[in-house]
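> So the chains spell out like this:
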Amino acid sequence: MIFLRDLTVQFVQMGLVLLLAPLLTGVVRKVKARLLRRIGPPLIQPYRDLLRLFRKEVVLATNASWLFRAVPYLVFASTWVAAALVPTFATNLLFSWSGDLIAIVALLGSGRFFLALAGMDVGTSFGGIGSSREAMIASLAEPAMIMIVFSLALIAGSTQLSAMAGYLLSLQEGLRVTLALALFALIMVAIAENGRIPIDNPATHLELTMVHEAMVLEYSGRHLALIDLAASLKLLLYISLIGCVFVPWGLAPAESDWRGYAIGVLAYIGKLLVGGIALAVFETFIAKMRVFRVPAFLGAALMLGFLGALLRFVSGSF
Amino acid sequence: MGIVFALPCILGLLVLSLVGVTLGHRRSGTAVVYGVSFVLSAALLANGGIALFSAAESSAWLPLGLPWVGAHFAIDPLAAAFLVIVNLGAAGASLYALGYGRHEKEPWRVLPFFPLFLAAMNLVIVADDAFTFLLSWEFMSLASWVLVMAHHHDPENRRAAFIYIVMASFGTLALLLAFGLLAGPGGNYAFDFIRIASPAPMTAGLVLALVLIGAGSKAGLVPLHVWLPLAHPAAPSHVSALMSGVMTKVAIYAFIRIIFDLNGLPEWWWGLVVLVAGAASAVLGVLYALLQNDLKRVLAYSTIENIGFIFVGLGLALAFQANDLASAAALALVAALLHAFNHAIFKSLLFFGAGAVLTATGERNMGKLGGLIHGMPATALATLIGCAAISALPPLNGFASEWLTLQAILLSPQLPQWGLKVLVPASGALLALAAALAAACFIRVFGVSFLGRPRTAVAERARDADPWSRIAMSAFALLCVVAGALPGFAVDAFAPVTTEFFGAQLSPQAAVPWLALVPVAPARASYDGLLILVFVAMSAVVVLLTVRLFGAKGVRRAPAWDCGFPDSSPVTQYTAESFAQPIRRVFGGLLFHARESVTMPPPGATAPARIRVEMRDLVWDFLYAPLALGIEMIAGRMNVLQFLTIRRYLTFVFLALVTLLFVVAL
Amino acid sequence: MQGLAFDIAHLLAGSLVLVSFMMIYQDRLPALINVFALHAILLSASVTWQANIQNMPELYLTAMIALVFKAFVIPISLRRMIVQMGIHREIENVVGIGVTMLAGIALVALSMVVMLRITAMADPLAREDLAFALSVLLLGLLMMVTRRNAVGQVIGFMSLENGLILAATGAKGMPLVVEISVAFSILIAFIVIGIFLFRIRERFDSVDVHALDRFRGEQP
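Those protein sequences? They're chains A, B and C, same order as listed.
Heads up: the first sequence begins at 1 in the numbering used here, then just goes up one per residue.
Heads up: the second sequence begins at 1 in the numbering used here, then just goes up one per residue.
Heads up: the third sequence begins at 1 in the numbering used here, then just goes up one per residue.
Think of the hints as simulated: they come from the structure by calculation, not from any bench.
Quick caveat: nothing in here was measured; it's all calculated off a predicted structure.
Errors might be hidden in some of the hints.
[Unchecked claim] What follows is a set of in silico ranges between Cβ atoms, one per label pair, in the way DEER data are often shown:
no., chain 1, residue 1, chain 2, residue 2, range
1, B, Gly554, A, Leu19, 25 to 31 Å
2, B, Ala625, A, Ile277, 57 to 63 Å
3, A, Leu19, C, Ala106, 45 to 51 Å
4, A, Leu175, B, Leu618, 43 to 49 Å
5, B, Asn293, A, Leu175, 47 to 53 Å
6, A, Phe282, B, Ser474, 44 to 50 Å
7, C, Ala5, B, Phe489, 50 to 56 Å
8, B, Asn293, A, Ile263, 54 to 60 Å
C-beta atoms are modelled at their ideal positions from N, C-alpha and C, and glycine is treated no differently.
Please model the entire structure based on the sequences and the hints provided.
Structure follows, in structure tokens:
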């Protein structure tokens with residue numbers, strides 16, 4: 001009975017992240033439009049876009065291989081599984097122990113691996129641009145993420161996200177320099193990994209400024225829908241990650257009743273809204289960087305993460 | 001069982017190599033030699049596996065070699081573990097070579113020495129005294145040298161073989177000195193005696209340095225790695241797979257055997273030195289790999305990166321052991337051993353793929369390949385799994401060993417020494433950087449060679465590999481998936497090794513629910529490869545079915561969109577150099593003095609624009625070139641000794657005699 | 001002193017190190033001056049907090065001096081001087097930003113190891129604040145060494161002095177803190193004025209835009 005209830009909660013989590021991801025993208029676009037004194041698309045426009053893409057036929061390049069057709073499913077599956085492992089409204093879900101934060105980061109990395117391969121598959125120069133730039137960004141963003149994981153794991157004594165959230169919720173540590181450094185670095189890495197301004201412009205149609213868009217240039221129809229949904233899921237994942245580690249209040253512990261879960265869901269939606277609005281404001285304030293300023297930006301994130309880990313190694317009170 | 005079974009199999013390999021001399025000129029020679037090698041390697045693999053799982057020890061003594069020493073052989077858990085690793089690679093290579101070996105132009109240069117190489121590697125592992133060890137080590141180097149010289153018509157290969165034999169001899173010299181120090185003035189070379197006699201700290205430190213030079217150069221630690229990217233690609237592909245995947249593991253075995261077993265208790269700074277060497281090798285290896293265009297050279301440099309990874313684990317184990325943290329040391333050693341096992345599998349797989357590409361197209365340069373996925377689907381799928389495994393993507397096996405190494409690093413704040421407190425997180429950062437760069441490297445390798453449009457006619461005409469090669473590649477690809485989903489079994493298998501050295505082991509993984517990997521405690525960290533594999537597969541299938549049911553069906557083929565500017569020439573797609581350009585610009589300026597210069601003709605001139613990239617290998621320029629220059633200078637000076645008169649020679653002898661008498665008199 | 005006071009003091013000192021890194025990261029002069037103003041604001045916040053938990057009202061005065069002088073007066077006058085003298089807006093570095101940041105991390109690690117080792121017996125709050133202060137000092141020196149532009153070097157020197165003030169206020173019971181900090185600030189002011197009035201055109205590595213213009217062949 002308890003197993004069934006836990007299984008239901010786990011499935012609810014998986015469905016919830018899938019449902020909320022396009023809404024989050026819609027909120028970000030709407031707020032950005034409003035800040036630029038436009039009316040902007042309605043909040044449910046991303047859902048409409050996905051539905052439209054699912055109903056269109058797929059146009060494939062003549063030399064696209066089976067890998068090109070398989071990649072959207074692989075990317076979506078890995079991102080969905082990773083998003084399902086992050087505590088959104090409750091911790092200690094049924095299968096949350098099967099992957100810790102390192103596994104989540106690596107799952108996203110495998111999604112990126114296959115997407116970069118798909119970019120190279122058709123043999124156009126735009127695909128190559130996207131894949132090589134994505135490889136460069138990933139080669140710095142991933143180590144920065146691992147260093148952030150180290151800093152957080154050394155504070156919380158575990159790499160499991162549920163354990164981390166629980167530890168930080170118990171306020172045993174209070175404000176820590178390492179936590180501040182990790183938060184800063186995590187925000188920088190999240191911006192880079194999701195391809196937001198100032199790293200990449202998600203709304204651009206200028207090919208030479210694209211990174212993510214260049215890789216998926218040849219996709220259409222249901223394949224493109226899956227990739228777009230995966231990108232929205234990734235953004236949701238990162239905002240949920242920041243929320244569950246740094247703002248863990250509202251997370252329902254294991255064995256809650258439906259009231260606890262309801263509070264958890266409401267708190268989660270609130271965190272998503274705040275995160276989305278903050279992202280939109282940040283993107284409006286700042287200009288996009290030259291491509292070769294990005295390594296300095298990510299290098300700074302790597303340094304911050306490393307500094308946080310170093311401080312924890314050096315003394316337990318940092 | 002145990003050693004009693006292993007020795008006849010090794011003898012069988014030696015006999016096979018003799019037979020191979022005559023068989024080399026026959027048409028059936030390839031099938032016979034490789035077939036029998038496969039059977040014997042499989043037998044040794046089974047033997048090693050049984051010895052490892054039963055944690056049994058066995059030993060034997062044969063009256064061969066030096067009269068007062070004889071030849072000692074023994075199998076303990078460490079030897080059993082490495083017998084499994086070595087013979088797995090050997091069996092795979094033999095199976096692959098059943099198909100690949102038929103394309104060899106001069107089989108009599110390869111067939112006799114392949115079983116000899118396998119026999120020598122096995123002998124190194126089961127050797128229980130220094131003399132047998134060193135003799136087998138030298139045989140291993142010589143056999144692989146002959147195999148590197150197999151394609152001797154190419155001057156590059158001859159140069160590679162020359163550098164290889166110089167470095168190998170130098171390495172053996174270092175090991176000889178190390179064993180001499182360990183055996184001490186008593187001169188007893190048997191490992192049993194060396195184990196009991198604990199050396200002085202000064203001697204032990206010197207032994208560490210010598211073993212790092214000797215075994216490290218064979219494994220490929222920077223800066224002793226220069227022979228590896230030259231020699232490994234020069235050999236035939238199945239031999240390259242053995243050299244990269246298996247011979248480097250024999251070097252790791254030598255390191256573990258001498259430093260963990262024979263050298264007494266470690267000091268804390270030993271771990272520091274090994275850790276730093278490993279981290280530096282990891283980053284430099286993968287950066288070199290990103291700058292190469294030759295497919296096999298990329299794989300050779302990637303081997304250097306993975307060896308660096310393994311040495312980081314070994315360094316951590318030494319540091320933990322020096323501080324009496326037995327269970328943490330066990331975790332670090334298991335992480336290193338698991339990575340050695342995984343690397344043997346996926347590196348062999350990747351070399352098999354490179355060999356298939358070489359046979360199908362005759363090209364190793366990635367700039368002449370492209371679009372091979374269409375003509376070689378089975379090879380492409382197996383190589384894709386190999387690339388994904390080596391990039392440490394879950395749920396494959398590369399991720400399991402990387403995860404364990406990172407968990408070992410997370411245990412290190414307990415270490416009290418300040419040097420370790422600063423350098424362990426630095427090494428962790430370097431490891432993470434190396435892992436991310438490795439993923440970029442293998443996106444490049446697979447993307448440029450197998451995907452895209454064919455850049456030359458041979459790439460367009462490529463056909464898949466022969467059945468034996470495909471069976472070997474598929475078997476190893478399947479092994480990557482299985483080892484990634486069920487890493488707990490491998491971790492349990494290595495438990496007797498850690499018990500032997502540290503007296504502690506990780507909690508039995510087979511008992512953990514859902515077959516997860518729980519190295520320390522469930523609340524601390526856990527990873528379930530099987531569940532993640534199942535979840536990803538299930539999600540992909542669910543999405544596929546949903547989309548099929550509710551979405552549009554059908555696919556229409558059309559020319560590529562390319563933003564409305566399609567270019568029919570495959571030259572316009574990204575090359576290997578262009579893919580690496582952003583990374584080269586970020587990292588190459590400092591480490592390789594990479595400089596780009598562009599000459600643009602003035603408007604209206606018809607000359608082409610040129611881009612020129614200059615890079616230097618700093619290790620070669622600052623270490624080896626001055627060394628070689630110095631040796632040449634000294635040799636030139638000493639050349640006068642060849643042309644002295646008889647009186648001068650007599651003077652030399654006289655002075656030497658007088659000096660020795662002085663020394664005796666004092 | 002445990003608990004929240006400890007953590008806030010650490011946070012402010014740590015953010016000072018963070019802002020020092022941000023200063024190394026900047027490659028444009030106006031942004032560098034803004035970040036330096038932030039550095040000074042954080043310093044005064046940190047000194048104020050120390051004054052609060054150590055119950056030394058003199059430190060409030062030090063904080064006020066740091067705030068007024070370094071967060072307002074000096075940045076505003078620097079910006080005006082830059083515009084008047086037409087100084088090159090981009091800062092050239094001796095080595096790339098990545099290498100400088102790596103060196104910065106190594107220096108922070110070094111200062112951690114040194115400070116925490118030799119003060120093993122002291123009060124935990126003080127010794128960790130001292131470690132951060134030494135980091136800020138070394139990072140300021142690094143900035144002076146790796147910048148080709150005189151304004152960048154001066155800002156490096158001033159951030160170094162901020163590190164010294166942090167160290168002085170972190171260690172409890174240091175006498176004459178207020179007087180020393182006033183003297184330091186006046187010294188800095190004279191150095192800055194001296195550099196700009198007498199040395200600027202001869203001593204910069206980077207080129208003054210107006211000077212270049214004088215040597216160009218065609219004049220509009």
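> Now tell me, hint by hint, if it's right for this structure.
A quick look at each hint next to the structure:
1. For the pair B:Gly554 and A:Leu19, the beta carbons lie near 28 Å from each other, so the given range of 25 to 31 Å is met.
2. Against the hinted window of 57 to 63 Å, the Cβ-Cβ separation of B:Ala625 and A:Ile277 comes to about 60 Å, which satisfies the hint.
3. Between A:Leu19 and C:Ala106 the beta carbon distance is about 48 Å. The supplied range of 45 to 51 Å therefore holds.
4. A hinted range of 43 to 49 Å for the beta carbons of A:Leu175 and B:Leu618 is consistent with their spacing of about 44 Å.
5. For B:Asn293 and A:Leu175, the Cβ-Cβ distance of about 51 Å falls inside the hinted range of 47 to 53 Å, so the restraint holds.
6. A hinted range of 44 to 50 Å for the beta carbons of A:Phe282 and B:Ser474 is consistent with their spacing of about 49 Å.
7. At roughly 52 Å, the beta carbons of C:Ala5 and B:Phe489 sit within the given window of 50 to 56 Å.
8. The supplied range of 54 to 60 Å is met by B:Asn293 and A:Ile263, whose beta-carbon atoms lie about 58 Å from each other.
The structure is consistent with each of the numbered hints, conforming to all of them.
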